[in-house]
Amino acid sequence: MIKTRDIDMLHGTLWDKIILFALPLSLTGFMQQLLNAADVAVLGQFVGKNAMAAVGNNTSLIGLLVNLFMGLSLGANVVIAQCIGAKKLDRVHDAVHTSFLLALIVGLFLLGIAEMVVNPVFEWLEVPPEVAPMAETYLRIYAIGLPVISIYNFEAAIFRSRGDTRTPLVALTIASFLNIALNLIFVINFNWGVDGVAWATVIANSVSALILMLGLMKDDGLIHLNLRELKIEKSCLKETVRIGLPAGIQGMVFSLSNLLIQAAINSLGADAMAASAAAFTIEINVFCLTMGFGQAATTFVSQNYGAGNLQRCKDVTKVSLQLNIFLMLILSAAILYFAEPLIQFFNEDPAVVELGITRLWFIIAPEIISVVMEIISGTLRGYGISLAPAIITLVFVCGIRITWVFTIFVEYPTYAALMAVYGISWFFTMIFLIVAYFFYVKRLTPLKL
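Going by numbering that gives the first Met the number 0, the residue at position 50 of the sequence shown is 49; the numbering climbs one at a time, nothing skipped.
Wrong hints could be hidden among the right ones.
Distance windows between CB atoms, simulated [said to hold, decoys possible]:
1) L226 <-> Y411: 53 to 61 Å
2) N225 <-> F427: 44 to 52 Å
3) Y336 <-> L183: 28 to 36 Å
4) E347 <-> F176: 20 to 28 Å
5) T402 <-> G220: 46 to 54 Å
6) I184 <-> T136: 12 to 20 Å
7) Y336 <-> N225: 49 to 57 Å
8) L183 <-> L328: 29 to 37 Å
9) G307 <-> P349: 53 to 61 Å
10) Y411 <-> N225: 58 to 66 Å
These are computed hints drawn from the structure, not numbers from a lab. We treat Cβ as the ideally placed atom computed from N, Cα and C, and that holds for glycine.
Start from the sequences and build out the full structure, keeping to the hints where you can.
Below, the structure written as structure tokens:
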């Protein structure tokens, strides 16, 4: 039975359905980032740039943890979508309940890890003493919410696998506005500072996860969740981990390399840290558009591959790429045109604004390269091929950035020299992902479930 919010990925035209799937998903990513943007903006306007820098300092580390959730949940998305396409309804039930329980286990595990690594990671990052106490406070409180972040991501993946991207968007929209309201109350009325925005984020994330859980429990279709039937089905777990873990590692590699760059940014002082926090908040929202179309490619390819329609899978890749490039050109141009007022929204310090604009040009201008990377990676994951893009990302993103920081940046220790590494590492990664795509697509065999 097709729900009114579900999209039929197996029949009819593609471009309109991909847009209907990808744009709510992009807005969902935007709302997720709005949680962090609200933290940064409120602290920058009402507390100061050191508090703003403290939250920005944690962005890459938080991304490192959350990307594992997102990768594993993407594995669940692929497994469930392939089963729906192949009409293996019993296996859909098993995959849904396995995914939910896996989300809880992984979230609790990473909560423990996060609390243990705070001090050594901050020492490695050489966080300035005027920022470190606030950064530690924010991260420790934020980590308490990791289990509900994990659950939300898996729940959203379950909805997406059926073609419903609007329900997760509604849940996160409610949570985002709640987060903004709580930020203002906790910071302005109660004067809680960094503690306040951290607790506001935890509460908001909990609300979004609860809304989706209730939605799954009330669903009377394929993805109905019954908490009494939670169990780990071994074959579903194996496939979810096989596809999702490399995808998670791929995302973590990006965050790990960004952690290294964050350490280099920290060496340039609080102005550079605050500028990066502001610019990153903008650019990550631009990436949400790319992510939306990348996950659309993953889900559409998954269902059609499960249904045995390989030509439609190839069409999905082509259409997703064309649509994403067109929309990204428009969005990138707008961001760069309004770069100065966008940075000033977070902080009006002239030094911060100048450095923030510099970062936006180095990141947003080559964003088209990131589009190609995400669509190709998403397509390969839809086929169940997840290890290859993870390895390519590890070698070329992480490898180039590590080399750059310890060679070029040492020779030219400027903010602009550091930012240049993003586009360069993306370019080489894109080339090898394209090669991998054609290699694997030529060798595809029918899916067996």
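Outcome of the hint check:
1. L226 <-> Y411: 53 to 61 Å: Holds: the Cβ-Cβ distance is about 56 Å, inside 53 to 61 Å.
2. N225 <-> F427: 44 to 52 Å: Holds, since N225 and F427 (Cβ atoms, about 47 Å apart) stay within the stated range.
3. Y336 <-> L183: 28 to 36 Å: 29 Å, holds
4. E347 <-> F176: 20 to 28 Å: 25 Å, holds
5. T402 <-> G220: 46 to 54 Å: 50 Å Cβ-Cβ, so the 46 to 54 Å window holds.
6. I184 <-> T136: 12 to 20 Å: With a Cβ separation near 18 Å, I184 and T136 satisfy 12 to 20 Å, so the hint holds.
7. Y336 <-> N225: 49 to 57 Å: Roughly 51 Å apart at Cβ, these two residues keep to the hinted range, so it holds.
8. L183 <-> L328: 29 to 37 Å: 35 Å, holds
9. G307 <-> P349: 53 to 61 Å: Given a distance of about 60 Å, which is inside 53 to 61 Å, the answer is holds.
10. Y411 <-> N225: 58 to 66 Å: 59 Å, holds
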